[in-house]
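With the sequences and hints as input, model every part of the structure.
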Amino acid sequence: MSFTSLVLSSSKLNKKYSFKQLLVVSIFSISSIVNAAQEDLAWQETLNKAKNQTVYFNAWGGSEVINEYIRWAAAQVKQQYQVTVKLVKVADAGNVVSKLLAEKSAGRTSKGSVDLMWINGENFKAMKDNALLEKAYTQMLPNYALVDTENKPSTLYDFTTPVDNLEAPWGMAQLVFMYDMQRLTTPPTDIQTLLSTLSEVKGRFSYPALPNFHGTSFVKQALIELIADKELLSKPVVMDDFAKTTEPLWQYLDKLHPLMWRSGRSFPKNSGQMKKLLNDGELFISLTFNPNDASNAIANDELPASIKTYVHKGGTLGNTHFVAIPFNASASAGAKVFANFLMSPQAQLRKADPSVWGDPTVLAMDKLTTADREKFAQLKLGPATLTTSELGNVLLEPHSSWVRAIEDEWQARYAK
Amino acid sequence: MKLYWQKQLSTTFIIVTVTIVLLIVPIAAGLIGTWLPAMGYLPSAGYDGFNWQPLIALYSHPSTLTSITLSISSALLATCSAFIISQWLCMQLYHSRSWRWLKHALAPLLAIPHLAFALGFSFIIAPSGWLMRVISPQLSGFEIPPDWLIVNDNYALSLSLALIIKEIPFFLLMTLAAMNNFNVNKTLQVGATLNYPHNQAWIKLVFPQLYGQLRLPLYAVLSYSLSVVDLSIVLGPNAPATFSVLINQWFNDPDFTMRLIGASAASMLLVIVMVFIGLFYLAEVLLKKYLKNWLVAGADSSNAFELPAKVCAYIALFIISASSFLSIAALVVWSFSRQWRFPDLLPALWSIKNWQKSWGQLTEPLFNTALIGISSGFLALVVCIAVLQWQSQLSVKRANNYSWIIWLVYVPILIPQISFMFGIQVMLISMNLDGHMMTMIWMHLLFVLPYCYLSLAKVYLQFDDRYLQVGAVLSQSMWRSFCFVKVPMLFKPLAFSFAVGFAVSVSQYLPSLYVGAGRIETITLQSVAAASGSDNRISAVFGFWQFVLPLIVYFAALAIPQLCFIRRRGL
Numbered sequence: 121m122s123f124t125s126l127v128l129s130s131s132k133l134n135k136k137y138s139f140k141q142l143l144v145v146s147i148f149s150i151s152s153i154v155n156a157a158q159e160d161l162a163w164q165e166t167l168n169k170a171k172n173q174t175v176y177f178n179a180w181g182g183s184e185v186i187n188e189y190i191r192w193a194a195a196q197v198k199q200q201y202q203v204t205v206k207l208v209k210v211a212d213a214g215n216v217v218s219k220l221l222a223e224k225s226a227g228r229t230s231k232g233s234v235d236l237m238w239i240n241g242e243n244f245k246a247m248k249d250n251a252l253l254e255k256a257y258t259q260m261l262p263n264y265a266l267v268d269t270e271n272k273p274s275t276l277y278d279f280t281t282p283v284d285n286l287e288a289p290w291g292m293a294q295l296v297f298m299y300d301m302q303r304l305t306t307p308p309t310d311i312q313t314l315l316s317t318l319s320e321v322k323g324r325f326s327y328p329a330l331p332n333f334h335g336t337s338f339v340k341q342a343l344i345e346l347i348a349d350k351e352l353l354s355k356p357v358v359m360d361d362f363a364k365t366t367e368p369l370w371q372y373l374d375k376l377h378p379l380m381w382r383s384g385r386s387f388p389k390n391s392g393q394m395k396k397l398l399n400d401g402e403l404f405i406s407l408t409f410n411p412n413d414a415s416n417a418i419a420n421d422e423l424p425a426s427i428k429t430y431v432h433k434g435g436t437l438g439n440t441h442f443v444a445i446p447f448n449a450s451a452s453a454g455a456k457v458f459a460n461f462l463m464s465p466q467a468q469l470r471k472a473d474p475s476v477w478g479d480p481t482v483l484a485m486d487k488l489t490t491a492d493r494e495k496f497a498q499l500k501l502g503p504a505t506l507t508t509s510e511l512g513n514v515l516l517e518p519h520s521s522w523v524r525a526i527e528d529e530w531q532a533r534y535a536k
Numbered sequence: 005m006k007l008y009w010q011k012q013l014s015t016t017f018i019i020v021t022v023t024i025v026l027l028i029v030p031i032a033a034g035l036i037g038t039w040l041p042a043m044g045y046l047p048s049a050g051y052d053g054f055n056w057q058p059l060i061a062l063y064s065h066p067s068t069l070t071s072i073t074l075s076i077s078s079a080l081l082a083t084c085s086a087f088i089i090s091q092w093l094c095m096q097l098y099h100s101r102s103w104r105w106l107k108h109a110l111a112p113l114l115a116i117p118h119l120a121f122a123l124g125f126s127f128i129i130a131p132s133g134w135l136m137r138v139i140s141p142q143l144s145g146f147e148i149p150p151d152w153l154i155v156n157d158n159y160a161l162s163l164s165l166a167l168i169i170k171e172i173p174f175f176l177l178m179t180l181a182a183m184n185n186f187n188v189n190k191t192l193q194v195g196a197t198l199n200y201p202h203n204q205a206w207i208k209l210v211f212p213q214l215y216g217q218l219r220l221p222l223y224a225v226l227s228y229s230l231s232v233v234d235l236s237i238v239l240g241p242n243a244p245a246t247f248s249v250l251i252n253q254w255f256n257d258p259d260f261t262m263r264l265i266g267a268s269a270a271s272m273l274l275v276i277v278m279v280f281i282g283l284f285y286l287a288e289v290l291l292k293k294y295l296k297n298w299l300v301a302g303a304d305s306s307n308a309f310e311l312p313a314k315v316c317a318y319i320a321l322f323i324i325s326a327s328s329f330l331s332i333a334a335l336v337v338w339s340f341s342r343q344w345r346f347p348d349l350l351p352a353l354w355s356i357k358n359w360q361k362s363w364g365q366l367t368e369p370l371f372n373t374a375l376i377g378i379s380s381g382f383l384a385l386v387v388c389i390a391v392l393q394w395q396s397q398l399s400v401k402r403a404n405n406y407s408w409i410i411w412l413v414y415v416p417i418l419i420p421q422i423s424f425m426f427g428i429q430v431m432l433i434s435m436n437l438d439g440h441m442m443t444m445i446w447m448h449l450l451f452v453l454p455y456c457y458l459s460l461a462k463v464y465l466q467f468d469d470r471y472l473q474v475g476a477v478l479s480q481s482m483w484r485s486f487c488f489v490k491v492p493m494l495f496k497p498l499a500f501s502f503a504v505g506f507a508v509s510v511s512q513y514l515p516s517l518y519v520g521a522g523r524i525e526t527i528t529l530q531s532v533a534a535a536s537g538s539d540n541r542i543s544a545v546f547g548f549w550q551f552v553l554p555l556i557v558y559f560a561a562l563a564i565p566q567l568c569f570i571r572r573r574g575l
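Just so you know, the sequences run in chain order A and B.
Under my numbering, the residues of the first sequence are numbered 121 to 536, in order.
Under my numbering, the residues of the second sequence are numbered 5 to 575, in order.
No lab work stands behind these hints: they were computed from the structure.
Even for Gly, the Cβ is constructed at its ideal location relative to N, Cα and C.
Warning: the hint list may mix true and false statements.
Residues of chain A clear of chain B, computed beta-carbon distances all greater than 10 Å [claimed, not checked]:
#, residue
1, E223
2, A256
3, N271
4, R303
5, K340
6, Q531
Taking beta-carbon pairs under 7 Å as the criterion, some of the chain A residues facing chain B (in silico) [said to hold, decoys possible]:
#, residue
7, E184
8, A246
9, N250
10, A251
11, E254
12, K255
13, F333
14, P368
15, K395
16, K396
17, N399
18, G401
19, A532
Now the structure itself:
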């Protein structure tokens, strides 16, 4: 691109331009070539450094579908870049943060045990605030340029915390509900009709107890739909008004809980358990952050074909999940190469396939080559997947300070 | 003479030093590493002053009080019931036809890891579980599972029940070990000649002699029940959860202030455990004092309920073995299933895909688990033999003086893991010891050693050392006599103690997580990660291996001595 601009600027050389102007233009163009060349050089250097490194990728390991995808990606980078990726399956990303905190406490500023980690917004904020992340790096990754930062604002703001190039977008998530159409003919359309549906099929919906991520997300979704002034949610929470502004939420939950599974006296552990309960008919409605979750589960017989997906008509919460490099990573270059590969059209395409994982892409279609765009367009929608228009509005996460306030209040009311 | 004393003293010194360095130093460092954040000091997260804030926050957290109450009530219910039932089973079944069977059934029961049992057990008793499927839909009329709160009930009853079923075999094992201490048969015979009915002879004559050996296992089970995490996550209440689960949740919370609260809660848990061990001891002292007259009053002629008691004992035994067997059976069936929904008794679609898929990932964790288990079990055995050999040479008076040393061995299983593991992690990292196989084996040794010691001590100390002396005279060497006379004669209990240690090592989760640094995968780490998801089928495969490894070792421990001694029946 810089070459063409140089050619252009020289071909446009005519009397209109003063020599001075010309000089400025050419210096600018040259410097941009040099910049690009330097970037290429820097990336090449990273690739060289990464060769033969072993990257310990710490990720939640509860889904065999995802584990298998990661193993596929690992085999690819091994072949393409001679980088070895070892998947460290964890039960909770919090464990990884604990480990990093312990390493920081012990003064280990290099040669850490984690090279790359799969991370969600709350952990990202904590790690950013406590300097547990490596300095900004995603701008160096060639494939980052393909990310749809314009239309997917959550790739720049993770749970409202500015990403600042500290973590690489991996996949898109949107809160969707799964229901069994054999047992429930018309699914709810919003948070209020959920209540009326449950009065007919009492006990067939629940959400995980807070502070579980999915539980908190459901309560945030309810709050967005119920709060009088939605503007408040984009700003930091004001504790003095909290009781008043969230009053409709607690009134709603007080009505909802008696109609829920086990009358709200017990909650599922996580969305994984909810999927099992949906399979057995203990629940008719469950929730997930992957719009293709149902289709994927049907494909591998984890759920029956009668499971469909729905969203609330005003839209549902959406966010992005990322991979981040810790401050003391041993194989930082290798981690960058792997993060870059995870954002590549090849990897993103396979990930978006509902029969593989079905995790929506972070890439912008108009930034891809025609061939790649074709391939994305040809991806078959799963049997229980909603189209982009059916998925509707993506609601932004409330300001991160709301989470603590909501969780505290929820526990004071329902877990004391 | 002087030389002999010096030698004795130096052996004592070595034993004490080794135990302290191996066991006490890491735990002490771990406790300090937890107490500092509990007092508000965690500079890496930006907290560098000492204050009461975490403790106050813990006190004012809405879930704390209920959660502590739940932990205490379930632990007391589980520990006391399991203890009483196990003693009652021994009393009822001793030398009955089922006694031999019981002894053999113990090994597989002990091999079942807590997590695998919990997963299987919840699948049995849940409203959509196996029992309900047996009667659905024909008998019960349920096309969809009823909305009944059975698992995760608010009073932690299902958790307590699972703990009771899981701890009874352990108490039985410990009681069997304690029975080596004296001649139970003779005691009962003497009791019979003095007109004691069987039950009374047991309670007044046998049990008081056993209890001395059961005190520690009782405290260990109490501490374990108060601090259990994995079992409680699966079966316990969740609004709020039991205290240990809450602590675990706080330690993993994205908000770092919650970690300070978690640290102070972990320290609080330690206090709770210590207080309740103290209370148990107090109860023992009081019971001794007030029941003394009754205990020595001789036989009481009234003795009515012999038969129904025996029937109840069989029922209890049946429930324990059936639920354990069914939990494992559930794992096996799940691992071969493709689609399995309520109310199908068996999967609608079967598949071996789960096994094929996981095979490639199993080899490394299986190898590591076996290596860690064998090494820590073997090392534990060596240390146990050294301590016991030293102990067996002590005179009674000196043995009493040194009894505190033996208590050191038990420290790791009396203190809740969660109250020192975070601190240990920091210590190991600062010494660059994390993620190494040797460290992993060492940390497992902390928990393996006490159990090996518990299961070996009595048999070892009962050994008639005159065999050793004769051997020494004949072979001209104490060492040779020790290796070729004493060790072979004790081969059976040594092998069994090794198997107990191996099983303990396999089931370790927190130590493996905190020490392994993601470099050393074990089957339990894989199993817990798989269980955090939605796919029963794949977690069943991991859970199955978690059970099979210890099972193999238990059977080997029983079979190998038999094979070796096939011509030496006298042993």
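Results for each hint:
With a cut of 10 Å on Cβ distances, A/E223 falls inside the contact zone with chain B, its closest approach being about 5 Å. Even its closest Cβ contact with chain B, about 21 Å, leaves A/A256 beyond 10 Å, as expected for a residue assigned away from the interface. Residue-level check passed: A/N271 sits 28 Å from the nearest beta carbon of chain B, beyond 10 Å. Distance check on A/R303: its Cβ comes as close as 7 Å (rounded) to a Cβ of chain B, failing to clear the 10 Å threshold; non-interface status is violated.
Every CB of chain B is more than 10 Å from the CB of A/K340 (nearest about 15 Å), matching its label as outside the interface. Taking the minimum C-beta to C-beta distance to chain B, about 5 Å, the non-interface status of A/Q531 is violated against the 10 Å cut. At a threshold of 7 Å, the smallest CB-CB gap from A/E184 to chain B is about 5 Å, leaving the interface hint in force. Taking 7 Å as the C-beta cut-off, the interface hint given for A/A246 holds, the closest approach to chain B being about 5 Å.
The beta carbon of A/N250 is positioned within 7 Å of a beta carbon in chain B (closest approach about 5 Å), and the interface hint is therefore held. The beta carbon of A/A251 is not positioned within 7 Å of any beta carbon in chain B (closest approach about 9 Å), and the interface hint is therefore violated. At about 16 Å, the closest approach between the beta carbon of A/E254 and any beta carbon in chain B exceeds 7 Å, and the interface hint on this residue is violated. Because the closest C-beta pair between A/K255 and chain B is about 18 Å apart, greater than 7 Å, the hint is violated.
Given the 7 Å rule on beta carbons, the hint for A/F333 is violated: about 9 Å separates it from the nearest Cβ of chain B. Among the interface hints, the one on A/P368 is violated; its C-beta lies about 21 Å from the nearest C-beta in chain B, farther than the 7 Å criterion. Satisfaction of the interface hint for A/K395 is found here, the shortest Cβ-Cβ separation to chain B being roughly 4 Å, below the 7 Å cut-off. Look at A/K396: its Cβ gets to within about 6 Å of chain B, closer than 7 Å, so that hint holds up.
A hinted interface residue such as A/N399 counts as satisfied when its beta carbon comes closer than 7 Å to some beta carbon of chain B; here the least separation is about 6 Å, so the hint holds. Taking 7 Å as the C-beta contact cut-off toward chain B, the hint placing A/G401 at the interface holds, the least distance being around 4 Å. Hint on A/A532 holds. Least Cβ distance to chain B is approximately 4 Å, under the 7 Å limit.
Violation of the numbered hints given earlier is confined to hints 1, 4, 6, 10, 11, 12, 13 and 14; the remaining hints are satisfied by the structure.
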